[in-house]
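Undergrad: As a plain string of letters, each chain reads:
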Amino acid sequence: AQKVTQAQTEISVVEKEDVTLDCVYETRDTTYYLFWYKQPPSGELVFLIRRNSFDEQNEISGRYSWNFQKSTSSFNFTITASQVVDSAVYFCALSTSGTYKYIFGTGTRLKVLA
Amino acid sequence: DAGVIQSPRHEVTEMGQEVTLRCKPISGHDYLFWYRQTMMRGLELLIYFNNNVPIDDSGMPEDRFSAKMPNASFSTLKIQPSEPRDSAVYFCASSSAGGNQETQYFGPGTRLLVL
Numbered sequence: 001a002q003k004v005t006q007a008q009t010e011i012s013v014v015e016k017e018d019v020t021l022d023c024v025y026e027t028r029d030t031t032y033y034l035f036w037y038k039q040p041p042s043g044e045l046v047f048l049i050r051r052n053s054f055d056e057q058n059e060i061s062g063r064y065s066w067n068f069q070k071s072t073s074s075f076n077f078t079i080t081a082s083q084v085v086d087s088a089v090y091f092c093a094l095s096t097s098g099t100y101k102y103i104f105g106t107g108t109r110l111k112v113l114a
Numbered sequence: 001d002a003g004v005i006q007s008p009r010h011e012v013t014e015m016g017q018e019v020t021l022r023c024k025p026i027s028g029h030d031y032l033f034w035y036r037q038t039m040m041r042g043l044e045l046l047i048y049f050n051n052n053v054p055i056d057d058s059g060m061p062e063d064r065f066s067a068k069m070p071n072a073s074f075s076t077l078k079i080q081p082s083e084p085r086d087s088a089v090y091f092c093a094s095s096s097a098g099g100n101q102e103t104q105y106f107g108p109g110t111r112l113l114v115l
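Chains G and D are the protein sequences, given in the same order.
According to the numbering used here, the first sequence is numbered sequentially starting from 1.
According to the numbering used here, the second sequence is numbered sequentially starting from 1.
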């Protein structure tokens, strides 16, 4: 069975704090893709990053970084020096090769307080 | 480049009325997905198409829902008759088998309220 678990329902931090959003996935496939999306209060779903199962390199993009660890089936997302504009619901998703379907986690609501 | 376009952005209707949601995928994308998002059930995949052909409609809740893709640049999701429990945000997304494959790009969504 394939599954994505985002155990943190809601996180509140004060501006400039670092915050890590957890994502744990389950799949028996050896080829798969992992994604993070941001859903700000305006409602749209914004693509942030895609990772394939053969690329365990961590990635940094500005204040965002992603830690992919196959050994623990995790794909965690860290925001450094959080800002109020980071307030949103963040979704992790899994897709196995060839299916093109996503399995979404339930999302983590991040509130960054000024 | 234009992203995924959905219309209308908001729809308010009365129970029993027919509702049609529209989607224009990103040009060149050959996969199109319809999702529904509610507080109770989160993001649910309703149906997806490849090259205009429905591949998996197992998420369509019941016969009141139907989806079509008459050509590569247009899809509709129809609810007839609508019910209050259909109130949700409906997203359309598209992706391509090549390039940055399997990445889905979402439209802004249609917020549907059935009274």
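Mixed in with the good hints, there may be bad ones.
To be verified - Facing chain G, a subset of chain D residues (Cβ under 7 angstroms, in silico):
#: 1; residue: Gly42
#: 2; residue: Leu43
#: 3; residue: Phe65
#: 4; residue: Thr103
#: 5; residue: Pro108
Think of the hints as simulated: they come from the structure by calculation, not from any bench.
Even for Gly, the Cβ is constructed at its ideal location relative to N, Cα and C.
Undergrad: Give a verdict on every hint.
TA: A quick look at each hint next to the structure:
Taking 7 angstroms as the C-beta contact cut-off toward chain G, the hint placing Gly42 of chain D at the interface holds, the least distance being around 5 angstroms. Hint on Leu43 of chain D holds. Least Cβ distance to chain G is approximately 5 angstroms, under the 7 angstroms limit. For the restraint placing Phe65 of chain D at the interface with chain G, the shortest Cβ-Cβ distance is roughly 18 angstroms, beyond the 7 angstroms limit, so the hint is violated. Among the interface hints, the one on Thr103 of chain D holds; its C-beta lies about 5 angstroms from the nearest C-beta in chain G, closer than the 7 angstroms criterion.
Annotation: interface hint on Pro108 of chain D holds; nearest CB of chain G at approximately 5 angstroms, less than 7 angstroms.
Figure legend: structure checked against the earlier numbered hints; the only hint not met is number 3.
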